[in-house]
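Peer 1: Below are the chains, spelled out letter by letter.
Protein chains: 4
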Amino acid sequence: MNKARVAVLPEIKTPAERPFQIREVEIPPLADGAVLGRMVMAGVCGTDVHILHGKVPVRTPAVLGHENVARVEAIGGDTPLYDVTGKQVQVGDLITWLPKSCMQCYNCTILGDPAKCERRIGYGGWVVPADQHPYLVGGFAEYVWILPGSDLVVLPPDLAPEAVVLGDALRIMVHGLERIGGLEYGDTVVIQGCGAVGLMGLILARDAGAGRVIVIGAPATRLALAREYGADETIDITQVPTPERIQQVLELTDGRGADVVFECAGVPAAVAEGLEMVRIDGRYLIAGHYGDAGTVPLNPHLINRKQITITGVWSAANKHFLRGLTLLRKVPLEKLVTHRFPLDAVNEALIAAERQETLKAVIVP
Amino acid sequence: MNKARVAVLPEIKTPAERPFQIREVEIPPLADGAVLGRMVMAGVCGTDVHILHGKVPVRTPAVLGHENVARVEAIGGDTPLYDVTGKQVQVGDLITWLPKSCMQCYNCTILGDPAKCERRIGYGGWVVPADQHPYLVGGFAEYVWILPGSDLVVLPPDLAPEAVVLGDALRIMVHGLERIGGLEYGDTVVIQGCGAVGLMGLILARDAGAGRVIVIGAPATRLALAREYGADETIDITQVPTPERIQQVLELTDGRGADVVFECAGVPAAVAEGLEMVRIDGRYLIAGHYGDAGTVPLNPHLINRKQITITGVWSAANKHFLRGLTLLRKVPLEKLVTHRFPLDAVNEALIAAERQETLKAVIVP
Amino acid sequence: MNKARVAVLPEIKTPAERPFQIREVEIPPLADGAVLGRMVMAGVCGTDVHILHGKVPVRTPAVLGHENVARVEAIGGDTPLYDVTGKQVQVGDLITWLPKSCMQCYNCTILGDPAKCERRIGYGGWVVPADQHPYLVGGFAEYVWILPGSDLVVLPPDLAPEAVVLGDALRIMVHGLERIGGLEYGDTVVIQGCGAVGLMGLILARDAGAGRVIVIGAPATRLALAREYGADETIDITQVPTPERIQQVLELTDGRGADVVFECAGVPAAVAEGLEMVRIDGRYLIAGHYGDAGTVPLNPHLINRKQITITGVWSAANKHFLRGLTLLRKVPLEKLVTHRFPLDAVNEALIAAERQETLKAVIVP
Amino acid sequence: MNKARVAVLPEIKTPAERPFQIREVEIPPLADGAVLGRMVMAGVCGTDVHILHGKVPVRTPAVLGHENVARVEAIGGDTPLYDVTGKQVQVGDLITWLPKSCMQCYNCTILGDPAKCERRIGYGGWVVPADQHPYLVGGFAEYVWILPGSDLVVLPPDLAPEAVVLGDALRIMVHGLERIGGLEYGDTVVIQGCGAVGLMGLILARDAGAGRVIVIGAPATRLALAREYGADETIDITQVPTPERIQQVLELTDGRGADVVFECAGVPAAVAEGLEMVRIDGRYLIAGHYGDAGTVPLNPHLINRKQITITGVWSAANKHFLRGLTLLRKVPLEKLVTHRFPLDAVNEALIAAERQETLKAVIVP
Ligand SMILES: [Zn+2]
Ligand SMILES: [Zn+2]
Ligand SMILES: [Zn+2]
Ligand SMILES: [Zn+2]
Ligand SMILES: [Zn+2]
Ligand SMILES: [Zn+2]
Ligand SMILES: [Zn+2]
Ligand SMILES: [Zn+2]
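Residue numbers (full-length UniProt numbering), protein chains in the order written: chain A, 1 to 365; chain B, 1 to 365; chain C, 1 to 365; chain D, 1 to 365.
A portion of the hints provided could be inaccurate.
Identical copies carry no separate label here, and so any pair may be met within one copy or between two of them.
[Said to hold, decoys possible] Keeping only pairs whose Cα atoms sit at most 30 angstroms apart, straight-line, the calculated DSS-like set for lysine-lysine is: (1) Lys306 to Lys55; (2) Lys87 to Lys100; (3) Lys330 to Lys87; (4) Lys55 to Lys100.
Note that these hints are calculated values from the structure, not bench results.
For reference, chain A alone in the conformation it holds in the complex:
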């Protein structure tokens, strides 16, 4: 295990330009508390597509891949190593590791919100560039070299590696659910969008006490999947125009509107539409606008009159990932990870993700 093959992104280019190059890299000796991991699976994420379009900054040359499962090949030094829950990490364990909040900045300490850490770092583009030690700093590779002090999670033996790549989207929704104050038991929930975040929102709402879940999105195959995972109703945005979508939600809710709406669509117009779907005193979560997609005309009178509560959610803290394991253990995930690519096909994987042919693609090196 002296060398590792790794997909390097020398500079930002679109997927069509096939920007990744497979290189072979010397594996540096392990420092105390560092971990060498044999990559088992790395998720391909919408964020990776954004990176290749220059919309999310990374440090190039980069190794992408931030939804990672690895098997512990070696641990540096003799000191026992623990994961974020206090469990000892052992050679042979299946692990993931989470974005590292500094726990010292204003947002981490005074606001108590590590998801908004001012100095957060993560493998897959943000920790150090790929031409600096320890080089193996992202999941699109055969091996990763995990820095001492990383936020490791030893995966329970009953958890599939697929759970981790889906857990990246799920933890955002667990965090979002916390930010809206949880569901009131029996709430009717509308989900706008049926990508990975929307579907995780659906499955989470189902398991967190929703009485009914309505999913609005496209294409039809994705909506069929939503129904399979528990959506009571689906509305196809390619078939039903906005005013009728609003009308349908009102009809499904005795004319009152939904208790809760999760925006997981990433389209500004969805917010205007969704605010018409929420009931008096209802709650609206903006979870799909990680990127800046511009403005939408909104009417403050509507918010004032219906007393709607709107909130946003940004990434997640470690606790939200851990809480999400509850769901990932019990829901069958095979149908959600729709595409598997070898490391050599990383360019193809990103092209497929960009074309939204995949619900969730993974690299299995």
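On the provided structure of chain A, position chains B, C and D with the ligands as indicated by the hints.
Peer 2: Below, chains B, C and D with the ligands without anything else, positioned relative to chain A:
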């Protein structure tokens, strides 16, 4: 339908004294907005046992039976009649009706808490005595005469009558869940007690996002039922003494204690025990002390040091019953309603309930 | 006291058209539980101006005046009469009466939100037209005839009548404060707007634990008043353009933004501006958009990224008015009630209110 | 400044045994990021008395004094040093430093509760023993040597040193206020106990929107002080027995009980008494049981029936101290710091504190 047979309780006596007498009563003509209901099922509740022991006051002579399902036989007058959700009530509908909060007292209006209404009235002992119009004022009877202005609920067609009698216990736990701020997704929940309230707490917790549920109680058959309804672990109080019970909960929770504990046992000592089982910053719900069972020594330092939040829950508002329908529609309830008695056997039903031979007994007239 | 002079609004016309006519009306005999009140003071409200412009519907012919203080002249019948807190109402008491929620509709009962009652009625335009019994149905009159079952409040003896007219704006802010979850002790609060609602928001924030309050508005005299009532900083919108206003708030908050922003301006653009002023995880209350003033382009990414919580507040429940008495008892209010008009000058009062020459005008008949 | 006089506690002994010895210690050279502080004032705390009675463990030999204000004499190294809010620390600044939470343990990260840090360290007994580098590890000394990475706070220029010693009690109440969900505007608050924590609770409640505050305690002089700081009513426990105290609170609250009760008495019986004083749906904060004072019989039925919410509060996070500065800036504190002792009189100071002759004593070296 001029006469109705009804089980009258002339005065307070224990179940062993067989206090109920079956009488035949003239059915008064219907006033505007009144409803005549043919009783379909009436639950026998622990509260009824308390009434017969003089621990919960009622107005005698009484007709007990406060967990009622009836079929609408006739509606007084021509004005359309609506249930609490705004749905029109029709002859032939299966209905229940909830304790009526006055919506005018301090607790109803200023505190906004109809469950604590200062002038709440309910069929089954509290509305008017059985020797006053309209006589048919409880569920242990062939017919009920439901006063105008009652809080009716038209049952959805897919809902079994059994759901309503269990809904009486469930709504308390829905209310309790609201009072502790809902579950945080993935919470480990301990349930102390496995009577109807405890089992409803278990099933609710399971459906409201609990990651793991531990039920503590007896007898073994009841615990087996708990496992069938989703308990991950059960602890038999007849087999495991208190210190070991605490120890087991700690071991099941990495030594930290449960996120949430529901007390549904009704025994003061359970509170002292349960506070040892809850984690730092955890939450403790007292739901089992509807009756005064005396004091227990508690240590304020424990609450201070672990920053435990304790709260109590008293009955429920209409909204909690309605929210509970979510659960009652999806969970099979047959095994929970363990005993069925004809109206003539009401004394036997109460004896069985007092002996805790039943999980839930019903009168089917 | 057989006749009463009353300012009748025969039809909707603008203030400039001097729409009110003073008429003399027979006082109907009192029904059981009704109250005849001698008007002491009636506030002239921005809502009255909206009514005259046809933006808020009323039932004409109307008697306006919904911020009322009267002295009890007579009580119908012999039954003791109680106010909403349970205090007995006596002849000679100074009283007000609040908009009456039905306490039976879906919003009152299931949502538990009487401020959103579907059938709310209020004196001053909404209870019955002025050509129907009991005729004296608004505050711009010598006497009012208050219907049985009204939500009366006996004013504490140490409370000035002025408190009630200001209490109409204050209760909205007490309600709004509740809806944002209260202030965290020491919060920096920005108030957008310095009309009656904004100033009440300022004084409330000061008394509810704000560490610092920044008021943004105009004209300069109003801002001077804001400083007198406790504003730490004021920003004059006629002198400082939007980008610099945002910049000033950021500079006053170490670049982080305010913990809480209250929108009391009624201008859609204020919402876009205010969202730039609020910190990460901060809270934004929309209190100024009672009327529909159109849309404003907002960026969902901003809400998502800063995890801002936005909520709206609509009117108030009785409890919020009662809670506001705390403040009205201790703050000197003379400077806030800037203009006093006799009943004959009601047209002049409305013209002055429309021109925003007054902070708060009252009719003293 | 080569040597510093310091009050060393060689071993645990009661105040009467005069356990402190004044020694002279070499000041070690400053490491990078370390701070040498000239002590300005150190509070003598009830916790110090507990330490001398062996009820709160410390590492001996110890330097006590955990409520500290110092002037920065020197800063080690050239790197700019920042306080917890991001403000640069300069020679000459008046500073304090807070207990240091590790921000890595389960409670700090997963629970998000640094006040319950599993590895918290603090000057004044808990960081390192006094015979280990850097020796000057508590406030009862001429100088302190503050370790790199400490949680410093640069005091605003308008803040008196007294504010910091009172801030130690205040931050607990700011934290407690957060844990009960803040005050609802206008709440009636009962404070049980009028030591430093109780008085801080009083002043905080007053400034955080309480409508009325009732203080229960002794002696009469302390209650007079409470009235001076805003208590509306006081009840002297040496004059009024428990049942009458409960009766008085009920009478002051229309028979309903207080909205909120703060227990700051440290006596278990106070909890039983206080639960009788709180209204339906009211809240009870246990803040006075930092030490284990044993059990008290409590009735779970009372909690269940009144739906009381009880919670505890343990110490505080940095944010609570910072939030408390709001109050400490505006309230005159001279009367609260009742006794000042030179360093040589540290034994006398502890004797006075033990006898509760002082409200707050300080060491001014
Ligand atoms: Zn991702
Ligand atoms: Zn950070
Ligand atoms: Zn029952
Ligand atoms: Zn009531
Ligand atoms: Zn008004
Ligand atoms: Zn209503
Ligand atoms: Zn202290
Ligand atoms: Zn820690």
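Peer 1: Could you run down the list of hints and mark each one as holding or not?
Peer 2: Now the hints, each set against the structure:
no. : hint            : result
1   : Lys306 to Lys55 : between (35 angstroms within a copy, 18 angstroms between copies)
2   : Lys87 to Lys100 : both (18 angstroms within a copy, 24 angstroms between copies)
3   : Lys330 to Lys87 : within (22 angstroms within a copy, 37 angstroms between copies)
4   : Lys55 to Lys100 : within (22 angstroms within a copy, 39 angstroms between copies)
The structure agrees with every numbered hint stated previously.
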